[in-house]
Amino acid sequence: MRHGLRFALVLTCVGFAHAALAAGSAEKGKTAFVQHGCWQCHGFVGQGGVTGPKLAPNPMPLEALSAFVRNTRGGMPPYQKAILSDADIADIHAYLSSLPKAPDYKSIPLLNP
Amino acid sequence: MARKDTADKAGRRKFLTGFAAAGAATAATAITAPAARAAEPAPRAPSALPPSFQVAQAETGTPREAKNRIGGTAGSDFMVDVIKTLGIKYLPANCASSYRGIHESLINYGGNKMPEFLTCMHEESAVAMAHGYFKIAGKPLMTLCHGTVGLQHATMAIYNAWCDRVPVIVVGGNDLDAATRPPGVPTFHAAQDINALVRDFTKWDDTPVSLAHFAQSFVRAYKIAMTPPYGPVMISLDAGLQQEVARSHGDKVAIPRYVPTAPPQGDSGAVKEAARLLAEAQNPVIVADRAARTPNGIKLLVQLAEALQARVIDQGSRVNFPKTHYLSAPPNAVSGADVILGLELSDFWATVNSYTDNGDNGGIGANSSRIKQGTKLISISSSELLTKSNYQDFQRFQSVDVPMAGDAESTLPALIEAVKAAIPSSKKGAIEQRGQAAKKAHAEAEARTKQAAALAWDASPISTARLCAETYAAVKDLDWSIVSQSGNVSGWLNRLWPLTEHHHWIGRSGGFGVGYGAPASVGASLANRDAGRFSVNIQSDGDLMYAPGVLWTAAKHKIPQLAVMHNNRGYHQEVMHVQRLSNFRDRVANLGGDMGPVGTSIMNPDIEYHKLAESMGWWAKGPIKDPAQLGPALKEAVKIVQAGQPALLNVWTQPR
Chain R
48 MRHGLRFALV LTCVGFAHAA LAAGSAEKGK TAFVQHGCWQ CHGFVGQGGV TGPKLAPNPM
108 PLEALSAFVR NTRGGMPPYQ KAILSDADIA DIHAYLSSLP KAPDYKSIPL LNP
Chain S
61 MARKDTADKA GRRKFLTGFA AAGAATAATA ITAPAARAAE PAPRAPSALP PSFQVAQAET
121 GTPREAKNRI GGTAGSDFMV DVIKTLGIKY LPANCASSYR GIHESLINYG GNKMPEFLTC
181 MHEESAVAMA HGYFKIAGKP LMTLCHGTVG LQHATMAIYN AWCDRVPVIV VGGNDLDAAT
241 RPPGVPTFHA AQDINALVRD FTKWDDTPVS LAHFAQSFVR AYKIAMTPPY GPVMISLDAG
301 LQQEVARSHG DKVAIPRYVP TAPPQGDSGA VKEAARLLAE AQNPVIVADR AARTPNGIKL
361 LVQLAEALQA RVIDQGSRVN FPKTHYLSAP PNAVSGADVI LGLELSDFWA TVNSYTDNGD
421 NGGIGANSSR IKQGTKLISI SSSELLTKSN YQDFQRFQSV DVPMAGDAES TLPALIEAVK
481 AAIPSSKKGA IEQRGQAAKK AHAEAEARTK QAAALAWDAS PISTARLCAE TYAAVKDLDW
541 SIVSQSGNVS GWLNRLWPLT EHHHWIGRSG GFGVGYGAPA SVGASLANRD AGRFSVNIQS
601 DGDLMYAPGV LWTAAKHKIP QLAVMHNNRG YHQEVMHVQR LSNFRDRVAN LGGDMGPVGT
661 SIMNPDIEYH KLAESMGWWA KGPIKDPAQL GPALKEAVKI VQAGQPALLN VWTQPR
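Sequences listed follow chains R and S, in order.
Following our numbering, the numbering of the first sequence begins with 48 at its first residue and continues without gaps.
Following our numbering, the numbering of the second sequence begins with 61 at its first residue and continues without gaps.
Calculated directly from the structure, the hints in this document are not laboratory data.
Note that the structure is a prediction, hence the values are computed from the model and not measured.
Fair warning: there could be bad hints in the mix.
What the hints assert, rightly or not - Pulled a few chain S residues facing chain R out of the computed Cβ check, cut under 10 Å:
id : residue
1  : T208
2  : K510
3  : W517
4  : G551
Think of the CB as a built atom: it goes at the ideal place given N, C-alpha and C, for glycine as much as any other residue.
Based on the sequences and whatever the hints tell you, model everything.
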């Protein structure tokens, strides 16, 4: 609960401060996603797993992602500007936004044995 | 220590003495002859002197009746007699001179049956094989090793067995008598007290000094290992004792009869109080880790859960509860509980609390409660009967309202009866409603799980969800058994496969010592082979490389297994740890040209696991990176395994 409140406050503040975050490049974002270790917990296509939640498809808005990455006090370690620039975050967001929607599990025979 | 029989040595000594005397005579002649020639010419010396009486007898006489060199029954033959009384089926071991006596007796005198010697290439593999075997067969194996260097290799696997409450009988050879042990290597491989190395994580150890003592020690070791809480035991076996002649001292040396000890049950008063709390609870939740020691444990837990319509969280060191049952619940189900029953939990604290490794509190991380204030906690655990000081496998201290020191499975029948008696008729409607809510929650969770599995379905490297789904599709019509620990595949084995039987999964390693997976899977596959089952191993890459020689052991002894590599090309747990610390310190993680931080990747070059397996007698294929190729490859591999050969697919996978 304590972390949830803090995160909500951060989002509110960041909403004003980063209202004009530039749109990124999906191609650069794919490289940044690997270089900066996002794949380690979230998988190469942001599918998530036991180590980290799903990021794609339909990622959270860029501003929220940026605020979370900079300020998280949960299981994920924060990434400050010294190691991940705003441009990198925007590129990563563009990459996650470019990933296709997963098929409905009901259409996959192996998931309905 | 070892008392050598000298009865038959006199003849040999006399023979040697005679030979030495003849040689001395020859030498004396050679030295004195030149002096004699200086005084006067001497007659020409003969080219060879006639043999002495003793030498002539030794060379030409009729040999006495052939007899073995030790002149009687080997002590180690008697040891084999003792071992055979306990019905131990296999003996995985890496050979060593300090146990050559019993090794020879096992394969020749004992006919290499009960136990059958399985050639291992590492002592850690041998112990882990015994560990995996027990988790399927429910029967312990023994292993032999050098008491020093071999035991040093075996220690991590013994620690895993200790933490996982699994019986393994470890026997270490040792040349104890410094006055008679062979010099050189055997001295480096000897010690005063080899058992000291593993005393902190074995239930019991002994150093027998006579054959009668061995008989008692071995049967006692077996009995202690097999009394819940189970655990590994250690016997130091003197090399001299193995090789000395068995003496009767008038009577035949007795072998004690093994009678299993009844497991300890929870106190009857505490059982009654636990039943009262559970029966009166609004939302009781059961959490089980090593509760089901046997297939019957699962049945009992189902009975208890259904009597209460209580959801069950299976923490997975064993198959405790059917995954398909509507009362099967995820770990966060504790959050709404007002009474929690913990059965053989290795970590009650972490069951009801959470820890976040976020650098808070001066870097140590943050703790928070997962449960409502006032939630009553009940524990039944045999681990309370066996805690040692040095190794900290007992976790953080958790206060519990009704703690019982006893074996959970053995206590369940009494608890079930007490719960049924304690449920007031007025509560029956509410209990039924609880069950209906659980059915709905279970169905919704299953749909969410499957949709999560559909994510990255066509990705390359192959997603761990697809890896598990494809593998299940290939074996679902067989009598299958998962012989890997967790496989580090985001729990997809447990989430997608219908685990309902005791043999469906062997559970985790206990101590999380990496290198356990491959050998434990081979041991479990051995037990499955004998039961006519099909073994599936989701094999992590880093784990296999600790001691890959176990692949050869599987091929050598015709132990079939389908191994599907989860090849994510890294020690992935450590990949994330180093990344986390880099972030906490505002430093860019140095990848050194790999994908993970320096020191954590297994790439450049990539290991060709299929070639490694092929070189050791396995059928193998890979690397498989395209998910569309996985299904057909699995079909091929399954046929090979059904024909009796182990098969491995090297699959490139997503990290988790």
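Each hint, compared with the structure:
1. The interface hint given for T208 (chain S) is broken, as the beta carbon of that residue sits about 40 Å from the closest beta carbon of chain R, more than 10 Å.
2. Interface restraint check: K510 (chain S) against chain R, minimum CB-CB distance 4 Å, threshold 10 Å, status holds.
3. With its C-beta approaching chain R no nearer than about 6 Å, W517 (chain S) sits inside the 10 Å limit, and its interface hint holds.
4. Annotation: interface hint on G551 (chain S) holds; nearest CB of chain R at approximately 5 Å, less than 10 Å.
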